[in-house]
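Enquirer: What follows is the residue order along each chain.
Protein chains: 2
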Amino acid sequence: MGLVASGSNQTLEGVPAVTNRGASPRLPEPALYYFGDGDNGDRNRFPVPNPREVLGGKGAGLAEMSRLGIPVPPGFTITTAVCGFYYRERSRYPGPLRAAVDEALAFLERKCARSFGDPNRPLLVSVRSGAPVSMPGMMDTVLNVGLSARTLSGLAAGAEGRRFALDCYRRLIEMYGDVVAGVDRARFTSALDAAKRGAQVTRDQDLSAPQLEAIIEQYLSAYRAATGAEFPQDARAQLWGAIDAVFASWMSPRAVTYRRIHGIPNDLGTAVNVQSMVFGNLGDDSATGVCFTRDPATGEDSIFGEFLPNAQGEDLVAGIRTPQPLTRSEANGAHSFEAIFPDCHRQLLDVRGRLERHFGDMQDLEFTVEKGKLYLLQTRRGKRTGMAAIRIACEMVADGIVDPPRAVLQVDPQTLTQVLAPAFGQAELEAARAERLAAGLPASPGAASGAVALSADRAVALRDTGATSVILVRHETSPEDIAGMEAAAGIVTARGGKTSHAAVVARGMGKPCVVGCEALQIDEEARVVRCGSATIAEGDPISIDGTTGEVFPKILPVRAPEILQVLDGERAPEASPTYGFFARFMAWADAERRLRVWANADTPEDAHLARQLGAEGIGLCRTEHMFFGKERILAFRRMILAAGENERREALAELLLYQRRDFLGIFEAMDGLPVTIRLLDPPLHEFLPHGADEIRRFAEEARLPERDVAARVEATREENPMLGLRGCRLGLAHPGIYGMQIRAILEAAIEARQGGVRALPEIMIPLTALDTEIDELRAQLTRTMEEVCAERDVDPSAVEFRFGTMIEIPRAALIAGKLAARLDFFSFGTNDLTQMTLGLSRDDTARLIVDYVERGLLPHDPFSSLDQEGVGELMQIAVERGRHANPKLKIGICGEHGGDPRSVEFCHRIGFDYVSCSPYRVPVARLAAAQAALREKRAAGGDSEPIAV
Amino acid sequence: MGLVASGSNQTLEGVPAVTNRGASPRLPEPALYYFGDGDNGDRNRFPVPNPREVLGGKGAGLAEMSRLGIPVPPGFTITTAVCGFYYRERSRYPGPLRAAVDEALAFLERKCARSFGDPNRPLLVSVRSGAPVSMPGMMDTVLNVGLSARTLSGLAAGAEGRRFALDCYRRLIEMYGDVVAGVDRARFTSALDAAKRGAQVTRDQDLSAPQLEAIIEQYLSAYRAATGAEFPQDARAQLWGAIDAVFASWMSPRAVTYRRIHGIPNDLGTAVNVQSMVFGNLGDDSATGVCFTRDPATGEDSIFGEFLPNAQGEDLVAGIRTPQPLTRSEANGAHSFEAIFPDCHRQLLDVRGRLERHFGDMQDLEFTVEKGKLYLLQTRRGKRTGMAAIRIACEMVADGIVDPPRAVLQVDPQTLTQVLAPAFGQAELEAARAERLAAGLPASPGAASGAVALSADRAVALRDTGATSVILVRHETSPEDIAGMEAAAGIVTARGGKTSHAAVVARGMGKPCVVGCEALQIDEEARVVRCGSATIAEGDPISIDGTTGEVFPKILPVRAPEILQVLDGERAPEASPTYGFFARFMAWADAERRLRVWANADTPEDAHLARQLGAEGIGLCRTEHMFFGKERILAFRRMILAAGENERREALAELLLYQRRDFLGIFEAMDGLPVTIRLLDPPLHEFLPHGADEIRRFAEEARLPERDVAARVEATREENPMLGLRGCRLGLAHPGIYGMQIRAILEAAIEARQGGVRALPEIMIPLTALDTEIDELRAQLTRTMEEVCAERDVDPSAVEFRFGTMIEIPRAALIAGKLAARLDFFSFGTNDLTQMTLGLSRDDTARLIVDYVERGLLPHDPFSSLDQEGVGELMQIAVERGRHANPKLKIGICGEHGGDPRSVEFCHRIGFDYVSCSPYRVPVARLAAAQAALREKRAAGGDSEPIAV
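These protein sequence lines map, in sequence, to chains A and B.
According to our numbering, the stretch in the first sequence is residues 1 to 949, in order.
According to our numbering, the stretch in the second sequence is residues 950 to 1898, in order.
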């Protein structure tokens, strides 16, 4: 960004520079644009080519509304280009700006029939910042600019009355003092609070005019004390003070940090919006309101919002008075906006239709009624739930408001998970909050209730009673807990972050999960969980909300998501409008995307689910989970701990039977689609018994000397298991394991074929760092292939399979050319690749990452969304070198990032063939892939982003 | 190498291809070169431009000797180009080759007055491979080619006798059967052994002619059984069989693997040497011998070797007869070569002088005397000890044989460590071997003896008695053992590899160390070490040899290295010829190098030693070791575990005093030279007490609740500490620690200045992954700088310092441009960078790495010598981007690799400013840097490598 000087001991931090808008200090003309003039005169040269870039988001919205003839209080927007000039020229303005502002004020005065600074009919304005992207850390708003001791009586002389005018003045001094002059806001609020205590009132509006006058005196002296200057009494001085403050706030540390971590260029600049004030609190014929053009929770095609008569915008936010509904219903009688302001309501419905058609999206509006006249103050894209999003998209297409591609771009992929997650009823949830037990990190969305189980065994046993669903509560989970996690309806852990074992597995299983719930103290001996003064015994009921991270000490009722009911055949598609919207919307998305979407699935059940949710292959089948059944783990341990070759061979033969059956089931579920099977990856230690008891029990079962077992367990202990004997290193150190797995895959594929199923295995080597590792394993594969085909009298050419590797070690990315020449596919294991590229263990640094993100050191958790600068560059290197060496190379991703929309877009951009994610995220990835393709197409066609104000 | 087809399931492994010698199948002429013709006729067109490349190492040596007029049995060398042709044309020879070989045989027949295949006076030849680089895995030698049932009597009819001829024939069948026809050698040796048992003799030469005849019959039928063919009786068939075998062995799996892991191109090819046989066993006027042209142990300028009269070369190797000395002395009376063969001895001395002058290096020779005539059979570069190497270099320069740059290139930098290591007397060592206790991995060279200590505390206590030196014996070591390691004369660990903590620290301290000594079972409770049936109690004497990895259960006498005695002022330089050679040699090296050599040193003592050994700065001062004194660790733990801010501040204030004193001492030792101080790096866990006892003791001392301490210790536990909360993450999470360290550095620098010492601190941030980390820490540095300067009334510009980071995380290398723009220097932490780039923990994978190297999966331990392909590419990326962003950026390396010659050369090549290594390796790095510069100069000047046959 050019903010840091290259070279030695000096950085120029804090010295702003807006440099790449051309070297000349000349100001692009015009310096400001008018809005709300209603006659589209020559001063209002809108539309400009990039309204958001020139006018900022807020200004562009106002200008668009003005252009559409929607009533907007008149005003003008000083362009972002002036901000650039201001910084280039070290806080100077272009010469002609003052004249242009004066001219614009004159225009406002004419429009409002008031005069800026006039004691009789003073014009008041608001001053607001508005950058091209929404951005915290900048000056927000100063209202009532133009009010002073001199103009006070002019305002009071209107219909408004003195009390109203005094309150406006008080607010001006407070806002201006705070955001323009940097006076600690507490200096004002403490004076106000003292006055209210003195007057024995609790609400601001109950203060009388004399009381307000006294408060204003205190405010003015507080201002004087803090700044050493008088509060400016000149309207223009106030205005320029506020404009200065907006521009200065562009380079405030918070804003700079925010831009740095979001990769927003410093030279974008902010605009300044100056707008004549309208008041919703001028009596019963005035009001203020907010609304969504459609229901943001359900998507229903009707206006949704609330208002307060005789009130100001901030009163709505403060929540002191109960807002009233917009639309008339039987219940609300005469209280609705429709009933009280029928004309304005009609007008609002008209505005709604025009704005939706214009922006092609649901809008979030702010409006004011001043003495019976409706004014729109803001329009912007409305936030919505996933359910609402797909319904709105479908209905807007049906109504011809948008075409399907535009509709596809309208929905935030992340929100699709909500459509598939079970949830508590909203009312029950809110009622339960008073008795909430604890809150952790929301790791996997959805809701679940059940009896507490403190161990995997207990979870299985409880589930097997059939009497209750189960919530597994653990300190943290490990692969040995898989059976328990499978048995549970939801999982809570006291430690770990959003990418901990529990979180990853739970998301993979589509189960609600709360992690890092540190308030929970698990006493495994006493079989209780303590939390503050509460104690929950094993077997007691709890509920968890994986969407909010909350835990409740009781059963809350859960609703099952409709779409899954339909997919599971429990409900007819016709009976579910939700399913109808979902299916229609996803078909539009699928028509646009180039990226294939595969799923990570370890069992036939998961594979089946993934396919239902649209997966076009399995990108990651983890074979290690298959070893954790009770008999299997015994055989696996016997294999590892075998004293002699014979015993080892026997154990391997037993495991072969299990694995072959597993693979056959998955091949059947994915008939005709590729199934990527990763050979054993985790360190052996994870499979061995731990603790004296487990070791003794296992030694007895396996008839091995307890001391030997203990010694072997100790010998496999590693300081940094993540960087130790795992992945293909394990396969090379113990060739029997991979040999057995390869054989099981090939035999299952042959059996599947013989049963009429088209098995397409893709054998994947984990943790490759060297081309020599691949050579050695390929030779093993070839040998096994020949053996199996000879034994079964099958022609090797009849067995379709591919051979590839995960790219999850930085070195593998660097030598991708060599690897690609030996392989059919790459699959990026971005969890490990992120760990190693950043030197950051996801098990150990959850808290550190949260801290880094909060401090702006990291833009986001790199385990949630790809670190495109670091990890992403290695991926690009690998793609380029891999494709150069082997143009047919198939490239995918199977890390957690495969379900993250930003990461999916990145994968699309650098030319991946597919992304693979947990089954429940398949729709998210399908949509993200479609959006990536659409955005690419638009960029190639020179289209700018859709106007999403 | 083009051996692997790009694309799908097929690799072309095993199909040799020699492709880049031009596309034409035409053979470069001539296909063979003669040697030993003595008249330098037109057939012998030697010298060719690149003798080693065309003729292989052995052939080039023979050709050079022949050209110099040194007596060599005549023969010819088929060039490496024929090998290329052979593979290009799928095992066919160029048409004219047979005629050329026939012509060459005719030449041999003329020279030897014998005929190939002639029953009366048969010519016998040897056939040997000889590649441009020495390479195991290829066919070695077939002797006596040309011998058959038909020619046997012709050889017997000479002076040699029938028994001799039969023995030659037996050897031919065995060698030919083994290396040419692929017959299992055991088939022959078992027949021979049976015959010897039958004849009741133990030595081959005691078998009679009839017995040999019977054995030959058995050999021939064994050959027939194994191959299904008769042993070839035609001389030319034998010759071509042997030539085929040499060429085929070029692509043998072992040879291919060897080339792959050493990066030797497959298209180099091997030559074939066909040479007429001479026999050293034709009576008392015949002999065989080997010699070095100088003493390879001491470098003394006299011929050094041994011989056997009436014997063959293999008898010397077999060691059945005692070899006799070459040079006459009082002791050896009439046994010496000089006494028995005075003419040949004179001739040998003459040969020695000519070869040394010609090759500019000490040579290793093989010779045979046949009936009073001396023949040289081989000359190659002689291996030597470090001491010998520098003496030879100096004396060859003095004698005008080589110039200093050539002498600098002659010495293997690795061997310099021998010059600085204490060692056991060779005789005592050999005598002690019978009672050797165990052997592990030689991790740090040198020898030490002392009393066994099983804990750091005990080591300190034992040392403090002053009664004995101490050998610390541990399962493995951790930073808490530092004091004990410092107190010990040597270290042994039962676990760990050559880059384990013990190994790294011991090398840093220059102390002998044996690691991975798995036979040792340490019983800390009983305070004994068990090994097999032996038991060593704490306090018992042992000796360890870090050069061989051996451990002895007694005290062996140690010699202190002369050079350090001189450097320490204990001996006058004039009194040490060794020091004289060392100093002279290192001065020549220093004159050539461009790279600076710095040292890793944590104490003033180490800094002083490093400077004595030629270090030009400190590249890594690890501050963590400074916290391990008894009082310091207490303060440090109090700081970490502090309940409140006040307590923490008190503890930090105490630590500040210690650190300031430490830094001041190092600045004084390095007056005028840069000192790079790394801020705290290891995870906090390493500093905390472990185990219930330690926790209780610490809690008492620090007056903290035991439970709190235990909980905090548990809370700092990490799954993968290498990737956890350490390095600058720690500094950012606990700003007080880095704040204190920065303050201590600046205050010490100011105090040093005031005391007239020029302190040049370079503050180094460890484990940087993000540019934002640097921004935050730089701001902290600036604040502290301003505070300190204000407090001490010092002008900030008077404090010279630099601010930089380690590049040890892959991401840091990728964003090097951003980092460089903010910093003054980079120092590559290649230990961590290797761990993360390869995903390989050096603590956990020592055995795996050994296994990988043995299997050819890795060319070498990447922790010993840089992985230039993977880690090296990241380093190059970082250098390019760093220098581009900041041309003044200083770049160095402070990982273990800084003392590895190959890595030093790599650092030179990619443009580093300095390498930093442990003090004792500073001379190694100085020499390696000089050689890198010289080789670069030669390559730039178009010079080929010096001929080092």
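None of these hints come from the bench; they were simulated from the model.
Among the hints, a few may not be true.
Unchecked claim - Below, a list of computed lysine to aspartate or glutamate pairs in the EDC-like style, where the Cα atoms sit at most 16 Å apart:
(1) A/K818 / B/E1818
(2) A/K373 / A/E230
(3) A/K818 / B/E1822
Please read these numbers as outputs of a predicted model, since none were measured by experiment.
Enquirer: Hints first: check each against the structure and report whether it holds.
Expert: Hints, one by one, checked against the model:
Between A/K818 and B/E1818 the CA atoms are separated by roughly 11 Å; this keeps the pair inside 16 Å, and the hint holds. Of the supplied pair hints, the one linking A/K373 and A/E230 is violated, its CA atoms being roughly 37 Å apart against a limit of 16 Å. Of the supplied pair hints, the one linking A/K818 and B/E1822 holds, its CA atoms being roughly 14 Å apart against a limit of 16 Å.
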